[in-house]
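Trainee: Each chain is listed here by its residues.
There are 2 protein chains.
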Amino acid sequence: MSEKESKVITSRDVDFAQWYTDLCIKAELVDYSSVKGCMIIRPYGYAIWENIQEELNQRFKESGHENVYMPLFIPESLLNKEKEHVEGFAPEVAWVTHGGLEELPERLCVRPTSETLFCEHFANIIKSYRDLPKLYNQWCSVVRWEKTTRPFLRSREFLWQEGHTVHQSAEEAKEETLKMLHVYGDFLEEILAIPVIRGEKTEKEKFAGAEKTYTVEAMMYNGVALQSGTSHYFGDGFARAFHMTYLDKDNQEKYMFQTSWGMTTRVIGAMIMTHSDDRGLVLPPNIAPIKVVIVPIGKSDTEVLERSYEIARNLKVKGISVKVDDSEKSPGFRFAENEMRGIPLRIEIGPRDLERDVCVFARRDTLEKYEVSLSSVIPEVVKMLSEIQNSMYQKAKLRRDSMIHTASTEEEMNEIIESMSGFVFAPWCGNMECEVEVKEKYGITSRCIPLDGDSTTGKCIVCGKPAKHHVYFGKQY
Amino acid sequence: MSEKESKVITSRDVDFAQWYTDLCIKAELVDYSSVKGCMIIRPYGYAIWENIQEELNQRFKESGHENVYMPLFIPESLLNKEKEHVEGFAPEVAWVTHGGLEELPERLCVRPTSETLFCEHFANIIKSYRDLPKLYNQWCSVVRWEKTTRPFLRSREFLWQEGHTVHQSAEEAKEETLKMLHVYGDFLEEILAIPVIRGEKTEKEKFAGAEKTYTVEAMMYNGVALQSGTSHYFGDGFARAFHMTYLDKDNQEKYMFQTSWGMTTRVIGAMIMTHSDDRGLVLPPNIAPIKVVIVPIGKSDTEVLERSYEIARNLKVKGISVKVDDSEKSPGFRFAENEMRGIPLRIEIGPRDLERDVCVFARRDTLEKYEVSLSSVIPEVVKMLSEIQNSMYQKAKLRRDSMIHTASTEEEMNEIIESMSGFVFAPWCGNMECEVEVKEKYGITSRCIPLDGDSTTGKCIVCGKPAKHHVYFGKQY
Chain A
1 MSEKESKVIT
11 SRDVDFAQWY
21 TDLCIKAELV
31 DYSSVKGCMI
41 IRPYGYAIWE
51 NIQEELNQRF
61 KESGHENVYM
71 PLFIPESLLN
81 KEKEHVEGFA
91 PEVAWVTHGG
101 LEELPERLCV
111 RPTSETLFCE
121 HFANIIKSYR
131 DLPKLYNQWC
141 SVVRWEKTTR
151 PFLRSREFLW
161 QEGHTVHQSA
171 EEAKEETLKM
181 LHVYGDFLEE
191 ILAIPVIRGE
201 KTEKEKFAGA
211 EKTYTVEAMM
221 YNGVALQSGT
231 SHYFGDGFAR
241 AFHMTYLDKD
251 NQEKYMFQTS
261 WGMTTRVIGA
271 MIMTHSDDRG
281 LVLPPNIAPI
291 KVVIVPIGKS
301 DTEVLERSYE
311 IARNLKVKGI
321 SVKVDDSEKS
331 PGFRFAENEM
341 RGIPLRIEIG
351 PRDLERDVCV
361 FARRDTLEKY
371 EVSLSSVIPE
381 VVKMLSEIQN
391 SMYQKAKLRR
401 DSMIHTASTE
411 EEMNEIIESM
421 SGFVFAPWCG
431 NMECEVEVKE
441 KYGITSRCIP
451 LDGDSTTGKC
461 IVCGKPAKHH
471 VYFGKQY
Chain B
1001 MSEKESKVIT
1011 SRDVDFAQWY
1021 TDLCIKAELV
1031 DYSSVKGCMI
1041 IRPYGYAIWE
1051 NIQEELNQRF
1061 KESGHENVYM
1071 PLFIPESLLN
1081 KEKEHVEGFA
1091 PEVAWVTHGG
1101 LEELPERLCV
1111 RPTSETLFCE
1121 HFANIIKSYR
1131 DLPKLYNQWC
1141 SVVRWEKTTR
1151 PFLRSREFLW
1161 QEGHTVHQSA
1171 EEAKEETLKM
1181 LHVYGDFLEE
1191 ILAIPVIRGE
1201 KTEKEKFAGA
1211 EKTYTVEAMM
1221 YNGVALQSGT
1231 SHYFGDGFAR
1241 AFHMTYLDKD
1251 NQEKYMFQTS
1261 WGMTTRVIGA
1271 MIMTHSDDRG
1281 LVLPPNIAPI
1291 KVVIVPIGKS
1301 DTEVLERSYE
1311 IARNLKVKGI
1321 SVKVDDSEKS
1331 PGFRFAENEM
1341 RGIPLRIEIG
1351 PRDLERDVCV
1361 FARRDTLEKY
1371 EVSLSSVIPE
1381 VVKMLSEIQN
1391 SMYQKAKLRR
1401 DSMIHTASTE
1411 EEMNEIIESM
1421 SGFVFAPWCG
1431 NMECEVEVKE
1441 KYGITSRCIP
1451 LDGDSTTGKC
1461 IVCGKPAKHH
1471 VYFGKQY
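Residue numbers (our numbering), protein chains in the order written: chain A, 1 to 477; chain B, 1001 to 1477.
Possibly wrong hints are sitting among the right ones.
[Claimed, not checked] Mimicking BS3-like on lysine-lysine, the simulated pairs with C-alpha atoms at most 25 Å apart in a straight line are: (1) B:K1134 x A:K134; (2) A:K249 x B:K1329; (3) B:K1081 x B:K1179; (4) B:K1318 x A:K316; (5) B:K1083 x B:K1147; (6) B:K1468 x A:K26; (7) A:K204 x A:K439; (8) B:K1147 x A:K329; (9) B:K1134 x A:K323; (10) A:K179 x A:K204; (11) B:K1249 x A:K36; (12) A:K204 x A:K147; (13) B:K1061 x B:K1174; (14) A:K127 x A:K81; (15) A:K316 x B:K1061; (16) B:K1083 x B:K1204; (17) A:K127 x B:K1323; (18) B:K1329 x A:K134; (19) A:K329 x B:K1127; (20) B:K1179 x B:K1134; (21) A:K318 x B:K1318; (22) B:K1316 x A:K61; (23) A:K475 x A:K459; (24) B:K1441 x B:K1468; (25) B:K1134 x B:K1026.
No lab work stands behind these hints, which were simulated from the structure alone.
The shape of chain A in the complex, shown without the other chains (with noise of 0.2 Å):
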């Protein structure tokens, strides 16, 4: 990357879409390579899915899950079992159809998603009520067949985490399902600072098999929705194409109830689009795999080198990833390389500061700097950090906040609509004949209905008959 090319990227209110591509690849989370709709993960955007992948892991641990992993086909035969899931994902699989130099007997499809594997492994492996709960999870690649693809948020391939799970009863099973919902919720706010609304999709929009479906949903700077998690309820729906049963207490043949959920390396695109600026990534410090950058500033003094390196050194000991920027090249460029890079603190260290016993700290998500004194600097950090999370968190949830918009009739939400972005909140009926039409005439979709929503007095935006629920609506990536 030259000095000149490091400035360059879009502003993101003249082309949010151009914006969001050039940071991506300028601050090297992704590449393009000869295989169309893929995307290759490069070392600082695959350093962020590892971490996000060991505060997923560590949750789902601790909640009693264990990692399998399973085929990475799919026989058509076995895709087809169930027939509202086949119809789902058919269209948008890839099919091997030869192995080696020979065409195969049936053609595989490359796995959009683990079910029927899953399915197919509970009936074998349980057999009685003692065998029950399972409680699996998967990292792996899925592959869909996506027309139009973008970094992290629509790609052929992705990486993410596939949560499968069995139980004895629905009660069971239905608790997992939202379980799950707030173990994501909780990491989105926690850890990417990602204010999400926790609720329930109508019928139109669930999973493919699913009875119910659940999801986190967060809203980007340009007020377009992103899902960015789903936890799904199946009843015994699958069970039941499957074959899955277990033999119970009371001696009595039994249908498993069953759950799946899922999150994925488009997170990383929620977490962009969120929290990032002109200027590039702003990381929060609970996710960021660098969290500090020391640049000392007239490196040809000795002491400024070594005060910097035994910052660094302190700084690790207490567990907080540094690293120090003695590169060739000009302090300015080394602060714009490293804002690119969104790492959250930047400390700059210079003679002069030495002279006087202080250092600079200056925050990626604020741009704001601050003096501080060299002897309290260890624990400075580690207050700015986390003052940091919080503030980005906080930030994110005024701007989403500001952008929800309650509209009680149709006129009102059209008005909402041609004048702001940002999610319409609007009572709803409950059937998919005016949720459809307001698909058609507005362009936005239901997100969900939020799970601490009241049971509403208002009436249908749509039809005007009595409401059943508040619904969220917005534009989706």
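Assemble chain B onto chain A, guided by the hints.
Mentor: Structure of chain B alone, referenced to chain A:
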């Protein structure tokens, strides 16, 4: 698993292959599915793989390597760019021909290995000598369309890591190749307790497209060789095929020098076939997901249970993974079940032990039992785990060494092969014809030319011409 089933595995000395498969299934490492030739890695098997990943990741990162993720697919034209490479892999790849409902304009193979993708990427991102070296690694699954398959050893899909690096000089790349070979060798010996021979593959056995292939070769309990990791030096062969150039300090456009190296889930198979026995799995403490199992006997006794959990808590504080097995089953059944799972150390505690302030240690590797004072149980566990680890390695090494047979003539080799299993160490002239003759006549292949081998003064066992190397020959998995 019923009480009866848990005991039934074929004896290792009666039918080694069946013993191996029985063990993989009964220890719940893997399961089959309707996806022919692929395996399901169950929680216990995957936990072992996660520990392997963690150990290797730490070693890779300490030596400056970064993780990335490349696409799952490779366009046919990209695979075709390096002639030897495509000839080596094309006969065994799976081909995607359709995406969604449409036929693809160009077939995509599911990656059998990712050299070609890394080459394209390196050519794309590296402009100057300042961008070198790049030290990358990828964790993923790869596909090779094998005809006969066995859990972990040979499977149409398997998990692995593939390292790919590029360097300014041939020397630096060669150094990297050997460095990573030793990372593998050390990992296998220190963590999996598998003694290995570090050596170079002959021209005939090297990787498709490599100038040199190094290998770590292990010998299984039955004397058969298992290649447990390989490291390749590519010279600038791929660089020329993919136009991977950079601008050097002297302002000249130059080709990069390249390496790749890989280790797979196969090493789990190697570990099983090195250490396990008729009671099931035997895991080295350094890789075991659960290092200690505590079996309270006479569980109605509250004190027995309390003391069991107290020991477990104290072990956890020390970072030692432990499980209390207080299930309803009989002690004998629980012993057998935990032996099948290969947990290195079992602690038995009963009411009569408590009266005398002792407990019983039972080693999984030797099946020996010791009485240990409850007051010193924690330090004794630490000591015992280290003792088990060392002793497993020593035992495997003694057996391996006793099964390496030196031959100076073809007659000697013939005699050894007819009467003994293991490796034959013999002088060879270096000509491929003689190597091929050994394979065709005796069904054994050259495993490697050892790194620490002396230049030999003997004569080739086939043609009688002056020998160039001493080579290990053996049957291979």
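Trainee: Evaluate each hint against the coordinates.
Mentor: Right, here's what the structure says about each hint:
1. B:K1134 x A:K134: Violated, at roughly 42 Å.
2. A:K249 x B:K1329: OK: K249 of chain A and K1329 of chain B at ~17 Å, within 25 Å.
3. B:K1081 x B:K1179: Violated, at about 28 Å.
4. B:K1318 x A:K316: holds, 22 Å
5. B:K1083 x B:K1147: holds, 24 Å
6. B:K1468 x A:K26: Roughly 53 Å between the alpha carbons, so the hint for K1468 of chain B and K26 of chain A is violated.
7. A:K204 x A:K439: holds, 11 Å
8. B:K1147 x A:K329: violated, 56 Å
9. B:K1134 x A:K323: The given pair, whose Cα atoms are some 18 Å apart, holds under the 25 Å limit.
10. A:K179 x A:K204: holds, 23 Å
11. B:K1249 x A:K36: Not OK: K1249 of chain B and K36 of chain A at ~35 Å, beyond 25 Å, violated.
12. A:K204 x A:K147: Since the Cα atoms of K204 of chain A and K147 of chain A sit roughly 22 Å apart, the hinted pair holds (cutoff 25 Å).
13. B:K1061 x B:K1174: holds, 19 Å
14. A:K127 x A:K81: holds, 21 Å
15. A:K316 x B:K1061: At roughly 16 Å apart (the allowed maximum being 25 Å), K1061 of chain B and K316 of chain A satisfy the hint.
16. B:K1083 x B:K1204: Answer holds: K1083 of chain B to K1204 of chain B is near 16 Å, not above 25 Å.
17. A:K127 x B:K1323: holds, 24 Å
18. B:K1329 x A:K134: Within the cut-off at roughly 20 Å; holds.
19. A:K329 x B:K1127: Distance of about 17 Å is within 25 Å: holds.
20. B:K1179 x B:K1134: holds, 15 Å
21. A:K318 x B:K1318: Distance ~20 Å between K318 of chain A and K1318 of chain B Cα, so the pair holds.
22. B:K1316 x A:K61: holds, 16 Å
23. A:K475 x A:K459: holds, 22 Å
24. B:K1441 x B:K1468: The hint holds at about 21 Å.
25. B:K1134 x B:K1026: violated, 43 Å
Comparing the model with each numbered hint stated earlier shows that hints 1, 3, 6, 8, 11, 25 do not hold.
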